[in-house]
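What follows is the residue order along each chain.
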Amino acid sequence: MSAATSPGGAGKPVVIHDASLRDGHHAVRHQLDREQLRAYARAADIAGVPVVEVGHGNGLGASSLQVGQARLGDDEMLSIVREALRDSRMAVFMLPGWGTTADLERAIAHQVDMVRIGTHCTEGDLAERHLGFLREQGVEAQAVLLMSHMASPDRLARECAQLVEFGASAVGIMDSSGHYLPADVTERIGAMREAVDVPVMFHAHNNLGMAVANSIAAVEAGADILDACARGFGAGAGNTQLEVLVPVLERMGFSTGIDLYGLLDAADIAERELMPAPPTIDSVSVVSGLAGVFSGFKNRVLDVSRREDVDPRDVFFELGRRQAVAGQEDLIIEVALALKAARGA
Amino acid sequence: MKQNGRLPVAVLGAGLIGVDLAEKIMRSELLDCGLVVGRDENTPGLRQAAELGLPIGTRGIESLLEAPEPFAIVFDATNAMAHAEHAERLSLSGTKLVDLTPSKVGRMVIPSVNGEEVLSSDDINMISCGGQASIPILHAITQTHRVDYVEVVTTAASPSVGRSTRLNLDEYIETTQDAVRDFTGVKDVKAILNISPAKPPATFRVAMSMLGEGFGTASVNAAVEAAADRVRSFVTGYRITACVVEETKVFVAAEVTSSGGRIPKYAGNLDIINSAAVHVAERCAAAGLASIGTETS
Numbered sequence: 001m002s003a004a005t006s007p008g009g010a011g012k013p014v015v016i017h018d019a020s021l022r023d024g025h026h027a028v029r030h031q032l033d034r035e036q037l038r039a040y041a042r043a044a045d046i047a048g049v050p051v052v053e054v055g056h057g058n059g060l061g062a063s064s065l066q067v068g069q070a071r072l073g074d075d076e077m078l079s080i081v082r083e084a085l086r087d088s089r090m091a092v093f094m095l096p097g098w099g100t101t102a103d104l105e106r107a108i109a110h111q112v113d114m115v116r117i118g119t120h121c122t123e124g125d126l127a128e129r130h131l132g133f134l135r136e137q138g139v140e141a142q143a144v145l146l147m148s149h150m151a152s153p154d155r156l157a158r159e160c161a162q163l164v165e166f167g168a169s170a171v172g173i174m175d176s177s178g179h180y181l182p183a184d185v186t187e188r189i190g191a192m193r194e195a196v197d198v199p200v201m202f203h204a205h206n207n208l209g210m211a212v213a214n215s216i217a218a219v220e221a222g223a224d225i226l227d228a229c230a231r232g233f234g235a236g237a238g239n240t241q242l243e244v245l246v247p248v249l250e251r252m253g254f255s256t257g258i259d260l261y262g263l264l265d266a267a268d269i270a271e272r273e274l275m276p277a278p279p280t281i282d283s284v285s286v287v288s289g290l291a292g293v294f295s296g297f298k299n300r301v302l303d304v305s306r307r308e309d310v311d312p313r314d315v316f317f318e319l320g321r322r323q324a325v326a327g328q329e330d331l332i333i334e335v336a337l338a339l340k341a342a343r344g345a
Numbered sequence: 001m002k003q004n005g006r007l008p009v010a011v012l013g014a015g016l017i018g019v020d021l022a023e024k025i026m027r028s029e030l031l032d033c034g035l036v037v038g039r040d041e042n043t044p045g046l047r048q049a050a051e052l053g054l055p056i057g058t059r060g061i062e063s064l065l066e067a068p069e070p071f072a073i074v075f076d077a078t079n080a081m082a083h084a085e086h087a088e089r090l091s092l093s094g095t096k097l098v099d100l101t102p103s104k105v106g107r108m109v110i111p112s113v114n115g116e117e118v119l120s121s122d123d124i125n126m127i128s129c130g131g132q133a134s135i136p137i138l139h140a141i142t143q144t145h146r147v148d149y150v151e152v153v154t155t156a157a158s159p160s161v162g163r164s165t166r167l168n169l170d171e172y173i174e175t176t177q178d179a180v181r182d183f184t185g186v187k188d189v190k191a192i193l194n195i196s197p198a199k200p201p202a203t204f205r206v207a208m209s210m211l212g213e214g215f216g217t218a219s220v221n222a223a224v225e226a227a228a229d230r231v232r233s234f235v236t237g238y239r240i241t242a243c244v245v246e247e248t249k250v251f252v253a254a255e256v257t258s259s260g261g262r263i264p265k266y267a268g269n270l271d272i273i274n275s276a277a278v279h280v281a282e283r284c285a286a287a288g289l290a291s292i293g294t295e296t297s
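Heads up: the protein sequence lines correspond to chains A and B, in order. If you count by the numbering used here, then the first sequence holds residues 1 to 345, one letter each, in order. If you count by the numbering used here, then the second sequence holds residues 1 to 297, one letter each, in order.
Chain A on its own, in the form it takes in the complex:
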């Protein structure tokens, strides 16, 4: 990629993990079809994006009323993307308690190159068995901690060290609520970097407009892998915008190996083919970031709030007070009913 560079990155490689076809599913109620998956996977492959993640927004086995039923089954999504990728590696995501080892076996049959096992940030030991299974199968397994703003840097570092013992080849954190400011990221990634010898990953959400800045803070604190999505295609306010992050990294002297024009073409295809409109930081997304609630709750909160005639901002703040975590969408109805009852009282 040719652009003016500064020496800060000193040519250090950063692995870009493209989650558009997994996290983007949150923005379109998990309704991506065959042509959409194929078109974007091909474009990302041509651009030289090293890793393309695919699946339901909540990962393998997660299609459900609780978080949304996907248009396509896991098998079909994986076979389409597998066929579309020549050089990029194919990744999937799985949350223990949602998917099982049987789902991992099917993903392996589709020749998945890498699996990410996710848990809530304080519950890393839920990943022990699945990381062990993947290691036995010889499949690269990364471990990621969700809703990471809910734990201290020290706790995250200890969880990461334990995940490495379980067999994780890389460990990382997700800012699932888009709650961090850069200093928060620096402190957490720094603590994790001290605690483990494997690559460290960071995944940002853009609720407070900080996704690119937070990602930069992460690499400067020692992160090796950054997640991003074309046009920020992701839950709520969206994720780190891929085609912005990559040139920023290159200008700073980090090396991504991605072709700029190919990347911009892929982002244009994403905007045209995958989404009604690119994610924006709307008012509800600001509130969800402030409240520290999973960005993926947005569409369900809006649906339920409309039905029960309550203010979605109140619903988000109350979910934050109850410390709801990713996957607890069933609480949205209870919170809305409680707010409605309190108003009627």
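Honestly, the hints are just simulated from the structure, not real lab data. All C-beta atoms in this analysis are idealised placements derived from N, C-alpha and C, irrespective of residue type, glycine included. Errors might be hidden in some of the hints.
[Unchecked claim] Just the calculated beta-carbon pair ranges, DEER-fashion:
1. A:D314 to B:E51: 45 to 55 Å
2. A:V248 to B:R163: 42 to 52 Å
3. B:P200 to A:E165: 27 to 37 Å
4. B:A222 to A:E35: 39 to 49 Å
5. A:V248 to B:T58: 51 to 61 Å
6. B:A226 to A:S152: 46 to 56 Å
7. B:E88 to A:D282: 41 to 51 Å
8. A:E165 to B:R59: 46 to 56 Å
Since chain A is already given, all that's left is putting chain B on it; use the hints.
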């Protein structure tokens, strides 16, 4: 060899489940807890059992096989992988097993639905906490309505989920799904488990969603209330927190608080499966269907 007319039983496994179970058995008028077995006397569970004045063993299944007299009922509170071996090794002794792991080995029981039918089985399986909390409701609704899809989302507080459960998430999901299929006759079933890290810890809950046809608010509410009443007869902290009925979709949520003892109030997951297990064992005892040694009493 009934002790004061009570049936001799033992608890295998001294984790979060095992110790609460031992304490519940101590309150039973029909059961006598003769042994709590773990692997290491320095674990908190075995220490607590000893503090309660209960005999303890530290050699796992061996401790049970070495007991001078076989127990009429052994509660298996270890883990799903270990249960098959425990069942095999105890099979010659004539001991009845009440299995609290999601092993799928024994006959599955939901006390308020098929409690009477399973009493003569040698190995009775308690399915899972989520199964015990949801299936009574799901069974009641599917008896009187056409249901095509069932989903059960369980949320348990992090401190109430012990190591065995954490390693057995796959078994938890598969066993819960199988049991829901079995008891409701609905083929398309999904079970999900969330662990909540909230502080103070969140109360155990189960959210049930059903897709079908011709749901009516009155008929669904009636089925749900009647089923909840039956569960409450032995799990006092069971309550329905939401019931939203649409033409083709029903959402019901239930919460369970623990009814006392040393487990905290939020840990309804431990309370409901242990209360159900003790309830089943008491019914076996009352029916004279756990007969080890009783001929000599």
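Here's how the hints hold up against the structure:
One distance hint, 45 to 55 Å for the beta-carbon pair D314 of chain A and E51 of chain B, holds here, with the actual separation near 47 Å. A hinted range of 42 to 52 Å for the beta carbons of V248 of chain A and R163 of chain B is consistent with their spacing of about 43 Å. With their beta carbons about 30 Å apart, P200 of chain B and E165 of chain A fall inside the hinted range of 27 to 37 Å. Between A222 of chain B and E35 of chain A the CB atoms are about 48 Å apart, so this pair conforms to the stated range of 39 to 49 Å.
Checking the proposed 51 to 61 Å range against V248 of chain A and T58 of chain B shows it holds: the Cβ atoms sit about 60 Å from each other. Hint check: A226 of chain B to S152 of chain A, Cβ distance near 47 Å, so the stated range 46 to 56 Å holds. Between E88 of chain B and D282 of chain A the beta carbon distance is about 60 Å. The supplied range of 41 to 51 Å is therefore violated. For E165 of chain A and R59 of chain B, the Cβ-Cβ distance of about 28 Å falls outside the hinted range of 46 to 56 Å, so the restraint is violated.
Violated hints, listed in ascending order, are 7 and 8; each of the other numbered hints is respected by the structure.
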